[in-house]
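There are 4 protein chains.
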Amino acid sequence: MPSQKTSPPARAPQRKRGHERVASLLSAAADTFVEKGYDAATMTEIAARAGASIGSLYQFFPTKEAVAQALMGGHAEALYARIGQLTARAPQWGNDELAGQLIRLFLDFRRQQPSFVVLTEVPASVPKGEALTIRMRIRDELIGLLGGRYPGLPTAQVRAGATVVQYMMKAAVALHAETASTARTAAQTQLRRTLWLYLDDLANT
Amino acid sequence: MPSQKTSPPARAPQRKRGHERVASLLSAAADTFVEKGYDAATMTEIAARAGASIGSLYQFFPTKEAVAQALMGGHAEALYARIGQLTARAPQWGNDELAGQLIRLFLDFRRQQPSFVVLTEVPASVPKGEALTIRMRIRDELIGLLGGRYPGLPTAQVRAGATVVQYMMKAAVALHAETASTARTAAQTQLRRTLWLYLDDLANT
Amino acid sequence: MPSQKTSPPARAPQRKRGHERVASLLSAAADTFVEKGYDAATMTEIAARAGASIGSLYQFFPTKEAVAQALMGGHAEALYARIGQLTARAPQWGNDELAGQLIRLFLDFRRQQPSFVVLTEVPASVPKGEALTIRMRIRDELIGLLGGRYPGLPTAQVRAGATVVQYMMKAAVALHAETASTARTAAQTQLRRTLWLYLDDLANT
Amino acid sequence: MPSQKTSPPARAPQRKRGHERVASLLSAAADTFVEKGYDAATMTEIAARAGASIGSLYQFFPTKEAVAQALMGGHAEALYARIGQLTARAPQWGNDELAGQLIRLFLDFRRQQPSFVVLTEVPASVPKGEALTIRMRIRDELIGLLGGRYPGLPTAQVRAGATVVQYMMKAAVALHAETASTARTAAQTQLRRTLWLYLDDLANT
DNA sequence: TATGAATGAGGTTTCATTCAT
DNA sequence: TATGAATGAAACCTCATTCAT
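Chains as they are written, first to last, in my numbering: chain B, 1 to 205; chain R, 1 to 205; chain L, 1 to 205; chain Y, 1 to 205.
Some hints here could point you the wrong way.
If chains are identical, the list can't say which one is meant, so a pair holds when it fits in one copy or spans any two.
[What the hints assert, rightly or not] Below, a list of computed lysine to aspartate or glutamate pairs in the EDC-like style, where the Cα atoms sit at most 16 Å apart: (1) K170 - D108; (2) K170 - E121; (3) K64 - D31; (4) K64 - D96; (5) K36 - E121; (6) K64 - E45; (7) K170 - E97; (8) K64 - E130; (9) K170 - D201; (10) K170 - D39.
The hints are simulated quantities; they were obtained by calculation from the structure and are not laboratory data.
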């Protein structure tokens, strides 16, 4: 043995580099999807933006769809968790406060993970099944939230309520994507109020 | 605004045969866009579905974008007109009725022209500018509607109200696209009620 | 017979209209070829420029090549004739004058019929055979010219001389196509002088 | 001058295999351009001749124009260099010798790189801007040559002389492309003599 | 493992030419 | 005869994916 070079922690650095690479690839993918949309985004551009080669990208994600799914999956988990946090605190809030917190949560999420919306909305594309699954899971989270907040409400009502809330979140997010203007701000305020009115109505059923 | 490069418009047919062709091409295009989405729809498939050759398609629509625009344009006019009809009758209705009529109008329209929604929602695609224009025009129609229905309301309120209504229509249309179920039906009912609550609130401002 | 409308001269006006149409089609074709080159010029554009339909164009010219040939043929005849006129007058001129007249003739022709050059130069395209024929015929005209002007010259010399003159004409025409500048003007003058020098040399052989 | 939209350049290969590919692609392209001309040459045929797939061709040359430019650019450098070599030796030569060397140089070059002529002459085509640049650079080289050979000559004269020489080279090359014959050979000899006469004249100005 | 090259089906678009009214 | 519609081969180019080094 010519030299006693400290045996390097076998694969750990590899793994660590792997993690970094995956992270930068996903980040690049997110940017690209947001800018171009799912279809127009190319694997080549994603790799290039991450400073990686196309071969490297395919070493971690076998298909373009896999990239999208990894992105969606990762973000979805975070979203579920945040709704769960709201669920824990919701019982202490008034309907007014709850409406505000819900909208804030979804807008914050969209701001931080704009690719999530892009991929979730893709019309007739590959990750459609995944998107559906996620939507259902979000629905379940909202059902948990409303069920906890309005304990006496019949299950069917809770389910319908969660659905309405979900689509109003969608509306809020879409509205937020409009070019900013005083009109938009006013509309956002009123949309929050509409949600409040709805929750009040739900509570008195 | 330097106006994005606007795609050349459709060439107008000048013979009876041409008119028929254009009609069948547009119909085939609508079907294809709905089934596959804008990006995944191919000109080849559109032509084939219309029983026309690819050259024939290009005789009337110089680009894929032109096909989409022709579809959107044609349908948009119809939608404006229908909102106009509501505007005329709205003053006689209660908020309850108005909410129902609005939702019915948009759902009917979606049922008859599903491609309109697909093309209008395309996230990061070519006909985006056109879609924006149309959305603004719909907004204006709704402003007209609410302005007529609630004469005392300040302009800013009317504008914000129209925006809210528009995004709730979007929500209603999206909800309608969900797999049918009793839960969906219940949610639809409640969404209508939410709109009613909002209109009541608006009227009492 | 309800009215005695003067029986129109059966087909004469037709024919006349036909001539006009052919003329305008050829003119449009010339413009298009000059602007776009032979390959990039389209039959549709030629027809449109002439204010005719594509069907009408094909009624007179069965192929694109036929259009080019008609154009070349018509112009070539004029060119032969003009060289013939020079031939008649050349014996009275000095070499200086002859050089000037030759260059002037070709430059004038290029100015009036720029499409002739474009079509004649087309590299590996359809009308190649025709172009060759024309070139040979021009050669013959030049042979006639030089043979008449330098009666004692052996045939082989005359033939070689005509060839040299022809390629110098080509050079002159190409030079003329350069962006105008004082440098170009000076070069043109010297090219004429070079031709003169050559003719002098030829005469003294 | 707003500089016509300049086509994206060729992507440089980074592996040995890539270099070989590029070389064979360029060679195939040269053959194809010579045989068919720029417009009629197709990317498909170029790839096929090189034994490559169409995708492989586009990996290195994003457009057909890029192929042409790569060819022209590469050859042009060689031509400049060769003229430079003449420049170094020209002062020792008589005008007779210089004329012969110039013509030999251009004919040799045409024989070795026939695609250069084809692409440079393309009448109204895409690589026009590039061709112009090259022509001007050749002019400059000739200016250097004549300036060195005829030291006392005023700049304007040198410039005009270089232009004349350049167009006579064009004529010589074109003449050489004619079907071989005794007439052609004789004409070539006389063209060389004409150039000699011109250089003599230039020297005595 | 990392990289760049290779592949080729498939997409959009063009255009000479033919048809039918 | 004049016109516009119809046709489809073929061109250019893209891009997800696979290979080879």
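Evaluation of the provided hints:
Taking the shortest alpha-carbon separations for K170 and D108, only the intra-copy value of 13 Å comes in at or below 16 Å, while the best inter-copy value is 21 Å. Taking the closest pair of Cα atoms, K170 and E121 come within 16 Å of each other both inside a single copy (10 Å) and across two copies (13 Å). In this assembly of identical chains, the alpha carbons of K64 and D31 lie at most 16 Å apart only when taken from the same copy (14 Å versus 26 Å across copies). Taking CA atoms no more than 16 Å apart as the test, K64 paired with D96 passes in neither setting, with 42 Å inside one copy and 47 Å between copies.
In the homo-oligomer, the alpha carbons of K36 and E121 lie at most 16 Å apart both inside one protomer (13 Å) and across protomers (14 Å), since each shortest distance falls under that limit. For a Cα distance limit of 16 Å, the shortest separation of K64 from E45 inside one copy, 12 Å, qualifies, whereas the shortest one across copies, 22 Å, does not. In this homomeric assembly, K170 and E97 never come within 16 Å of each other (Cα to Cα): the closest approach is 19 Å inside a single copy and 25 Å across copies. Taking the shortest alpha-carbon separations for K64 and E130, only the intra-copy value of 14 Å comes in at or below 16 Å, while the best inter-copy value is 29 Å.
In the homo-oligomer, the alpha carbons of K170 and D201 never lie at most 16 Å apart, since the shortest distance is 20 Å inside one protomer and 22 Å across protomers. For the identical chains of this complex, K170 and D39 are neighbours neither inside a copy (22 Å) nor across copies (23 Å), given an alpha-carbon limit of 16 Å.
The earlier numbered hints that this structure contradicts are 4, 7, 9 and 10.
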